[in-house]
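Undergrad: Each chain, letter by letter, is given below.
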Amino acid sequence: MTTYVLVHGAWGGGWKFARVAEALRKRGHSVFTPTLTGAGERAHLLSGDINLTTHVADVLNVIRYEGLSDLVLLGHSYGGMVITAIADKIPEKIAALVYLDAFVPQDGQSLFDLNIPANTQMFLERAGNNGGLLIPPPPAKAYFGVNDNDAARVDALAAPQPIGTMIEKVTLTGAYRAVKKNIYVHGAVLPRESPFKRFHDAAKQAGWETHALPCGHDIMLDLPDELTEILDRAGR
Amino acid sequence: MTTYVLVHGAWGGGWKFARVAEALRKRGHSVFTPTLTGAGERAHLLSGDINLTTHVADVLNVIRYEGLSDLVLLGHSYGGMVITAIADKIPEKIAALVYLDAFVPQDGQSLFDLNIPANTQMFLERAGNNGGLLIPPPPAKAYFGVNDNDAARVDALAAPQPIGTMIEKVTLTGAYRAVKKNIYVHGAVLPRESPFKRFHDAAKQAGWETHALPCGHDIMLDLPDELTEILDRAGR
Amino acid sequence: MTTYVLVHGAWGGGWKFARVAEALRKRGHSVFTPTLTGAGERAHLLSGDINLTTHVADVLNVIRYEGLSDLVLLGHSYGGMVITAIADKIPEKIAALVYLDAFVPQDGQSLFDLNIPANTQMFLERAGNNGGLLIPPPPAKAYFGVNDNDAARVDALAAPQPIGTMIEKVTLTGAYRAVKKNIYVHGAVLPRESPFKRFHDAAKQAGWETHALPCGHDIMLDLPDELTEILDRAGR
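Chains as they are written, first to last, in this note's numbering: chain A, 1 to 236; chain B, 1 to 236; chain C, 1 to 236.
It is possible that some hints are incorrect.
[What the hints assert, rightly or not] Subject to a maximum C-alpha distance of 25 Å in a straight line, what follows is the list of computed SDA-like cross-link-like pairs (lysine to any residue):
#, chain 1, residue 1, chain 2, residue 2
1, B, K26, C, K26
2, C, K89, B, A156
3, C, K26, B, A23
4, A, K141, A, N129
5, C, K26, B, D232
No wet-lab data here; the hints were simulated from the structure.
Make a model of the complete structure from these sequences and hints.
TA: As structure tokens, then:
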């Protein structure tokens, strides 16, 4: 039995992992899908005060309060920022890191530093027209290539993303490099240039286990069975 | 007798206008120097939730609660964003707008849009290393050319500037153009390229009353007597 | 020339002191009328998080950032809680304390402890029906005996009072007793039993300068000339 902590991305929520979580539990595993403050069902806590530090604390506290260890820690998209920061703090509790079409930061980098500059610029523009602190969600299908069955629900449940989560630079001592198993899962079909392809390619270069799946950015919605299989194997 | 509302800039506070306010009061005028939320003596209210809208409300409410009208409204630096937004909402209450080495926005622009791109980039970097939401104050003398007698106090009393105040784009209907008198006062001696020179030059071109004074960015500290004289005349 | 800091009461705002401030300035004095967070023109900052400590910081910071000393510090009504706490922290900067129909706390007391129990009970009831954290303003004329000309404006500009300001007990070391001059000004005509009469009587007993004026609770609105005269003399 393996313990999984699955961390969603910007404009997301733990609910996106429902299918994968159920499938993993049926195989006997323990799965946590914490929703980050201000997102998903925590949208009533949305405020401009939220930053990357808030979200790292969100997940660190789940691990601490649930007493988890030897876990497979997955981050989707922006969630890559969060899981890297966590791995840097408690590498001894993490058996594997899974970057699900996610950003892979180095010390001192923010998501805005890592994203394609035109995307960063667009997010700043959209926040600028929305009070300056909250980035409205881009359309699920047109921007993230979400499948037709799920796109409307993704749009309906998406809350604005607090800008501090994307401006704050992550601080890493390098301790996260002690985690033995690193996996990159890429959604290779995006209706635009993917900011994640270069992370996938770098991961491959570095000898990580990598997967490029024929789907959009929300792999847990588009191809839940394939992802479940990858995760199940990651825990062995 | 004229009523003045003097709005400070980023990392500032109402206290910066103490000399000018005293001098204007000695001449029989009524002077308000509201401190914006999170700045100066309101630093204990600092939070990442503060944006341009917060600061516009700060000053609009002073005008409303004190029952002010026929006023000379001055904005220093970032304060130019604030006073333009206010003039757009209550142009009928404003006799003159004074831009004191200030940004002069058009509809849909943020301070980050108006600043020299390298400055905007530096502010984002510094916020990114500081939790993502708060921009630490630049040094008064080295960055703003503040005079030797005041620089240490300016540094000591400066609080971080909430990033939403610089990212949020101002919404202007154009109603502010009904204000008849517009004045630009430029501090022409900066230890770097001045973002304000182009606003001064454009103001001159547009036929505004303009002044280019031989001092740094904090004109109310460097040349209070000269500024008092300009303001006294502006109210006539 | 004397420096005055005038602190308003619950449901009030700095604007209530406009007449007195103008009259004092005409006599050559320097006057500050800070509005407490969540009140008056700071009503857009209203939140259940505000307590007595917030308001003490509001005024302490004005004194610090404006560099004030040797000042006459006045508190109206609830403002008596605030000025006593301030005097306890910086007694060396205060030449005189003026309690304007104000509560005079001892160490460990809250406004709710000091008010007539039926009033405290009513405020708790009203907050209880309003989310638990904010006390709606009582009617200016019927409850506070405000004069006919000002009552409507007082009602219009009154914001709910955060309950933490009345529940939080003040901490006093006793250092405030070093302030040499203490004055109590009582508004003797209230349309109900006055909670302030006993503070006035105790002040008289203690040998303070006391005044019982033939007006309601908002003395600065009902009898501004008389109050100005008292304050002018207090600064000599």
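Undergrad: Hints numbered earlier in the text: which of these fail when held up against the supplied structure?
TA: No numbers; nothing is violated.
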